[in-house]
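There are 4 protein chains.
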Amino acid sequence: MSGGDWPDIAGTIVEGVHHLPIRVYYEDTDFSGIVYHANYLKFAERSRSDFLRLVGIHHSEILELDPPLAFAIQKMDMEFLAPARIDDLLEVESRYITARGARLEIEQVIKRDGEPIWRAIVKAACIDTDGRPRRLTAAMLEALGPHVAAASHPR
Amino acid sequence: MSGGDWPDIAGTIVEGVHHLPIRVYYEDTDFSGIVYHANYLKFAERSRSDFLRLVGIHHSEILELDPPLAFAIQKMDMEFLAPARIDDLLEVESRYITARGARLEIEQVIKRDGEPIWRAIVKAACIDTDGRPRRLTAAMLEALGPHVAAASHPR
Amino acid sequence: MSGGDWPDIAGTIVEGVHHLPIRVYYEDTDFSGIVYHANYLKFAERSRSDFLRLVGIHHSEILELDPPLAFAIQKMDMEFLAPARIDDLLEVESRYITARGARLEIEQVIKRDGEPIWRAIVKAACIDTDGRPRRLTAAMLEALGPHVAAASHPR
Amino acid sequence: MSGGDWPDIAGTIVEGVHHLPIRVYYEDTDFSGIVYHANYLKFAERSRSDFLRLVGIHHSEILELDPPLAFAIQKMDMEFLAPARIDDLLEVESRYITARGARLEIEQVIKRDGEPIWRAIVKAACIDTDGRPRRLTAAMLEALGPHVAAASHPR
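Residue numbers (the numbering used here), protein chains in the order written: chain A, 3 to 157; chain B, 3 to 157; chain C, 3 to 157; chain D, 3 to 157.
If you're looking for bench data, these hints aren't it; they were derived computationally from the structure. Don't take every hint at face value.
Identical copies carry no separate label here, and so any pair may be met within one copy or between two of them.
Result set (SDA-like, lysine to any residue): computed pairs, CA atoms no more than 25 Å apart in a straight line [said to hold, decoys possible]:
hint : residue 1 : residue 2
1    : Lys113    : Gly103
2    : Lys44     : Ile64
3    : Lys125    : Leu83
4    : Lys113    : Pro69
5    : Lys125    : Arg87
6    : Lys113    : Asp132
7    : Lys125    : Asp7
8    : Lys44     : Tyr28
9    : Lys77     : Leu65
10   : Lys113    : Ala141
11   : Lys44     : Ala140
12   : Lys77     : Trp8
13   : Lys125    : Trp8
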């Protein structure tokens with residue numbers, strides 16, 4: 003679906019960086035008054051998904067390919083720099099820095115008022131339903147290429 | 003925080019109904035391929051919170067009042083009409099139908115392409131930190147009043 | 003998998019009532035200091051699933067039947083009676099009160115120190131992957147029958 | 003609360019390693035059929051919390067100290083080795099490897115049938131409610147000391 007009356011719903015890509023606004027709701031916080039640490043990974047995943055959506059790669063469509071494909075996280079190194087709180091308006095910034103063979107590498111930062119509060123390097127792989135790595139398809143590379151420094155050339 | 007470059011981030015109120023767009027992400031689905039049933043409650047809560055935000059009632063501010071106040075759900079009756087799936091763009095519609103004494107009553111529908119897929123009646127109360135019901139403040143009633151059929155008059 | 007060294011991991015059924023202990027962790031709470039309302043539905047679902055597991059009905063197995071089957075919630079009426087807090091040890095009690103045609107009805111209570119803090123009536127249906135209601139199989143009725151007041155006779 | 007009739011509810015510490023059984027429920031999976039990546043962090047946090055609980059350190063109690071204290075994650079490096087699925091019975095193993103000054107360092111592995119499927123190094127800090135690092139208290143060091151290789155001596 004397109005976004006219709008909500009033009010910003012998938013964020014925006016500016017010079018290779020995806021920007022997604024995230025509001026902190028009740029569900030995101032814990033009893034210590036701040037955002038529960040695992041929920042930053044949800045915010046980050048929303049931005050990675052919307053980046054792919056904006057360049058035309060859809061999770062539901064690549065699961066219909068032959069063989070069916072999906073992306074799986076393999077490694078993630080994170081720093082928690084400052085806590086976010088209820089009602090905060092955050093912005094996730096995501097940059098695909100590698101798209102080569104079966105591998106994707108993404109740099110992500112979550113900011114509040116322009117200040118980083120969370121940072122991660124994410125290594126993901128394109129896999130089939132048996133979990134085996136599969137080369138990114140030509141269509142994926144064509145879609146991602148213009149936004150990625152180190153991309154394979156689609157063949 | 004205001005929403006800055008993202009004007010739609012808190013949705014919009016039209017004739018007493020709050021509309022909030024919700025994208026279905028990985029985190030919202032379960033292995034059966036559809037949205038996990040408890041996650042519709044999160045979508046609904048985001049809309050109730052944004053409705054209050056747009057009329058000027060903030061969770062963090064009312065917790066600073068003397069006595070500190072919060073809203074607690076007391077009763078919720080729900081119907082699950084059709085499943086939502088990954089990548090769907092949904093819209094939550096929320097209508098505050100009662101705001102009287104300590105009580106709030108809200109009617110909520112989640113739609114996809116204009117068709118209801120989930121529906122609920124929510125009864126909430128304004129409470130203090132001991133969990134005792136407390137009358138909605140004059141400021142709350144003034145903020146909500148114009149949007150609610152059955153509101154107490156602020157005094 | 004069986005539970006091996008953890009005999010209590012799936013709770014226990016006593017006279018038709020399933021009892022499942024639930025510890026409240028960080029992830030379950032929100033900034034207001036109590037359990038986030040939608041998370042009681044997760045606790046309740048764990049008990050419904052473990053009830054089925056103990057009588058021999060497994061989500062992953064019924065998805066392998068021809069046609070593949072699953073259970074979907076259709077209606078849920080809930081009362082939130084008292085808040086739970088971090089470190090609380092709760093107990094979910096679930097009773098399957100109807101298992102007939104395609105329909106399941108379950109009564110659920112969450113207790114702390116023997117006192118109810120949440121209560122729900124859940125109406126679920128056995129469905130195929132197109133979402134159409136399908137009669138509970140003979141094997142399901144045989145497994146559930148001894149624990150349910152109003153069960154169809156397996157044929 | 004103690005655990006009463008559920009002796010295994012907080013897992014068990016054997017030679018400095020905490021073991022916690024985790025059942026994979028609907029809520030933990032996503033539409034790709036496996037456990038959603040952020041949910042391993044929840045499983046890991048449950049084990050860290052239960053380790054502290056078993057040695058007598060309770061989140062709610064340390065928030066009542068003067069000054070109020072809490073633990074915050076600062077850094078987390080993770081590897082996702084194999085996917086977990088619905089109904090799986092997993093085991094989290096946690097080892098506190100450092101407890102010194104304000105710092106805690108924890109090694110965590112999640113296993114299925116004895117095979118690691120997820121692994122992390124977690125760096126956490128004891129903080130006050132302004133987020134400033136605070137030395138672990140003598141009581142904390144006394145409780146953790148016997149289980150930690152590199153612990154400060156309580157003073």
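Quick rundown of the hints versus the structure:
1. For the homomeric pair lysine 113 and glycine 103, neither the shortest alpha-carbon distance inside one copy (31 Å) nor that between copies (29 Å) is at most 25 Å.
2. When the C-alpha separation of lysine 44 and isoleucine 64 is checked against a cutoff of 25 Å, the pair qualifies only within one copy, where the shortest distance is 21 Å, while the shortest distance between copies is 28 Å.
3. Both within a single protomer and between protomers do lysine 125 and leucine 83 lie at most 25 Å apart by alpha-carbon distance, with minima of 21 Å and 12 Å respectively.
4. For a Cα distance limit of 25 Å, the shortest separation of lysine 113 from proline 69 qualifies neither inside one copy, at 38 Å, nor across copies, at 29 Å.
5. When the C-alpha separation of lysine 125 and arginine 87 is checked against a cutoff of 25 Å, the pair qualifies only between copies, where the shortest distance is 21 Å, while the shortest distance within a copy is 28 Å.
6. Taking the closest pair of Cα atoms, lysine 113 and aspartate 132 come within 25 Å of each other only across two copies (19 Å); inside a single copy the shortest separation is 36 Å, beyond that limit.
7. Taking the closest pair of Cα atoms, lysine 125 and aspartate 7 never come within 25 Å of each other, the shortest separation being 34 Å inside a single copy and 30 Å across copies.
8. Taking identical chains as interchangeable, the C-alpha atoms of lysine 44 and tyrosine 28 lie at most 25 Å apart whether they share a chain (14 Å) or sit on different chains (9 Å).
9. In the homo-oligomer, the alpha carbons of lysine 77 and leucine 65 lie at most 25 Å apart inside one protomer (22 Å), although the nearest pairing across protomers, at 31 Å, exceeds that limit.
10. When the C-alpha separation of lysine 113 and alanine 141 is checked against a cutoff of 25 Å, the pair qualifies neither within a copy, at 32 Å, nor between copies, at 32 Å.
11. In this homomeric assembly, lysine 44 and alanine 140 never come within 25 Å of each other (Cα to Cα): the closest approach is 28 Å inside a single copy and 36 Å across copies.
12. Proximity of lysine 77 to tryptophan 8 under the C-alpha cut-off of 25 Å is found in neither arrangement, the shortest distances being 33 Å within a copy and 30 Å between copies.
13. With identical chains, the CA atoms of lysine 125 and tryptophan 8 are never at most 25 Å apart, being 31 Å at best within one copy and 29 Å at best between copies.
Checked against the numbered hints above, the structure violates hints 1, 4, 7, 10, 11, 12 and 13; every other hint is satisfied.
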